[in-house]
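Colleague: Whole structure, please, built from the sequences with the hints as guidance.
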Amino acid sequence: MNPESAHAFPVRHPLIAATLGGLGLLVPPMGLLVWLCGIDLAHRPLLLILLIWLGAVGVIVSLTIHRLLHTREDLRREHIRLGQQDHELQAAMQRYRQTLDAVPAGMLLTDADGRIVMLNTHLIGMFGYDAGELHGRPVECLLPERTRAQHPQQRRSFMSAPQTRMMGAGRDLHGRRKDGSEFPVEVGLCHFSSDGQARVLATVVDVTLRRQLAQAEQVAERERFIRRLADQLPGLVGYWDAGQRCRFANRVYQEWFGIDPDTIIGRHSREVLGDELYQRNLPYIQGALAGQPQRFERTFTTPAGHTLHTQAHFIPDESNGAVCGYFVQVTDVTELRRREDELTRLKADLEMLVEQRTSELRQRANELQRSNTALEQFAYAASHDLQEPLRMVTSYTQLIERRYNHLLDDSGRQMMHYVVDAARRMRALINDLLTYARAGTSPAKPHADMAQACQTALALLQGQIEREQAHIEISGALPAVQADQAAMAQLWQNLIGNALRYRSAAAPRVRVHVRERNSTQATFCINDNGIGIAPQHQARIFLLFQRLETDPARRHDGTGIGLALCRRVVETCGGKIWVESDGLHGSTFCFTLPLSADPAADSPPSASEA
Amino acid sequence: MSPPDQAQWLQILLVEDNPGDVMLVREAMQDNKIGNQLHHVGDGEAALRFLARQAPYQDAPRPDLILLDLNLPRLDGRGVLTAVKSHPEWSDIPVVIMTSSQAETDIVASYKLRANCYVVKPIDLDQFMHVVRSIENFWVSIVRLPPRH
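Those protein sequence lines, which keep their order, are chains A and B. Following this note's numbering, the numbering of the first sequence begins with 879 at its first residue and continues without gaps. Following this note's numbering, the numbering of the second sequence begins with 868 at its first residue and continues without gaps.
Everything labelled a hint here was simulated from the structure, so no lab data went into it. Do not take every clue at face value.
To be verified - The following label-pair restraints were derived from C-beta to C-beta distances:
id: 1; chain 1: B; residue 1: Asp943; chain 2: A; residue 2: Val1298; range: 57 to 67 Å
id: 2; chain 1: B; residue 1: Glu971; chain 2: A; residue 2: Lys1454; range: 24 to 34 Å
id: 3; chain 1: A; residue 1: Met1293; chain 2: B; residue 2: Glu971; range: 35 to 45 Å
id: 4; chain 1: B; residue 1: Lys952; chain 2: A; residue 2: Lys1454; range: 46 to 56 Å
id: 5; chain 1: A; residue 1: Val1298; chain 2: B; residue 2: Asp926; range: 39 to 49 Å
id: 6; chain 1: A; residue 1: Asn1309; chain 2: B; residue 2: Asp926; range: 41 to 51 Å
Glycine included, C-beta positions come from ideal geometry on N, C-alpha and C.
Modeller: Encoded structure:
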């Protein structure tokens, strides 16, 4: 409020007012003087009028003075009040400024055009300006040049739909100081009107420190992680600088060297390893520091007295061509070594065992060879030495029979017959045994023509076939097999011979055929209409010297070797032999044999009848 | 057919250790009525001495035919065969192997050692006799032998 506006009264000076008041006060005494002087006022109208005028003036002046005095008091009071108000206002302004300056953030107020109308000292300091320098300047001067151009547009878009924006609302903002340097900020915006003017209040916080702290925390967290990782690793992990001082060491250093990882940093290799181990490792340390990766094995004893076998890697840490240190990674291979040793020992044991077994096998092979030789010698001896006396028995009994028959009676002749017959049977037995013994010793041949083998057998049996008036039928082709040709002829001869020998009352009918055939083997069958073999005897007939016949006439025919020989021949070639019979209606002998690899070996069907 | 002059008789050396077989061979040959003279030795060494006319065979004739068993004491038939066939004066004497062995190895080995033939002694008496006579007939009547030295 303007103090001059209070002087509405016309008296411009108190002296004039006092003069006028004094004149007024002169009226009563002058009236009295007039009366005392006996001046008849009624005859003196001018004096009366003067006195009345004077009196009136005096009254007016007094009233005026009174009023004036009142007004003056009011004015004084008003002045005091105004002074108080002004003081309060100043104080409020001061408080307001102090408050603004006390806010721990930069604050600035702009008008609708983005000009700075007001700002606090924090902001001025933050941006490195002097007080008053920023007043009236566009707010863009506080932005980095790269974001400056688009800011007016952003500002206008904010003004068109103003919304209070909280601090740190996800923007990565930067401020630009007067010296051109930049720093990360967070800005909050709010919009309001003041005296009809649009205003924008911006709150700016420098987050440099916060960012740094966050980064430092990240780094610390990373380091904690790396340490945790290194500590969990099952071996020594460390880093030693070019001066051989420790820069990093995991927990295992404590186990192996008894040194707390927290106090190891900065200590020298020699101190940690001890003199002896240090001297041993020195060539590798020097190698690593010369830029050569080192790999070596090391055995040492821990403070706890454990002997460790380790495998160490020293990896040079090179940057810009200079080695600034080396990484150390040492693995405990004690267990591995132990297993290796055990493996070596086991291998040696195994080799010894194999050698032992081989020698045993060799010995066995030699024994077998010897026994084989012995068998061959036996076969030879049997064929010669046994037959030789047998031949003598036979020949001379015949000679006696012939030459001295007239000296013998019937009983003598019967006895002679028994001798001759026994010798003949013994010879058959020896021959069959020999064949049987030889059957297992000759290895299977790759190819035997079965049709031809069968024909050979039939030719050998021709006399018997005719005698028995047998009908032999070979139906279908007989494939070639992997066997010995002579052995196959023997096989057919024995099986077909059996079919003829164990005939029933009817004329023998024998049918030879292939029942089944796949890519690797064939099943051959010889079916007859003979006396058959009861199921309970069927397994036994393939054993040596097992005979079923009880008929004395037939007993003389067989040696009990024929089917055992068949089985031996078939099994030597990798086949199987069996008989199928109900014991009443003939038998079917079947055997399997591996087929010959030569596919052109199948013989055309042929039939032989007798 | 009368027997030829005794000087022309065929001289046969039988090398056989089994007296039974010797007797059978003699029996067979006696019945055959072919003029021959059978000499017998019981082992391989004796056979070689006979050929070399060493004691007690100083007067032994040179055989025209040798019947040789394989299994013999001292020196066996193979040894005798080898010696005969590698001897400059005896190698042309025909050697008939007469044995009870049917072993293929014996047969093959004998022919390799240049035996002139290989005969297995038959079991049957009649067959035995027949074989011996056949051998005799073959070598006496059919075959032309080298002239005597």
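Colleague: Each hint: holds or not?
Modeller: A quick look at each hint next to the structure:
A hinted range of 57 to 67 Å is violated for the C-beta pair Asp943 (chain B) and Val1298 (chain A), which are about 31 Å apart. In this structure the hint that Glu971 (chain B) and Lys1454 (chain A) lie 24 to 34 Å apart at CB holds, the actual value being about 30 Å. For Met1293 (chain A) and Glu971 (chain B), the hinted distance range of 35 to 45 Å is satisfied, since their beta carbons lie about 38 Å from each other. Taking the beta carbon of each, Lys952 (chain B) and Lys1454 (chain A) are about 50 Å apart, inside 46 to 56 Å as hinted.
Taking 39 to 49 Å as the suggested C-beta distance range, the pair Val1298 (chain A) and Asp926 (chain B) conforms, at roughly 42 Å. Between Asn1309 (chain A) and Asp926 (chain B), the C-beta spacing of about 44 Å keeps the proposed range 41 to 51 Å intact.
Against the hints set out earlier in the document, a violation occurs for number 1 only.
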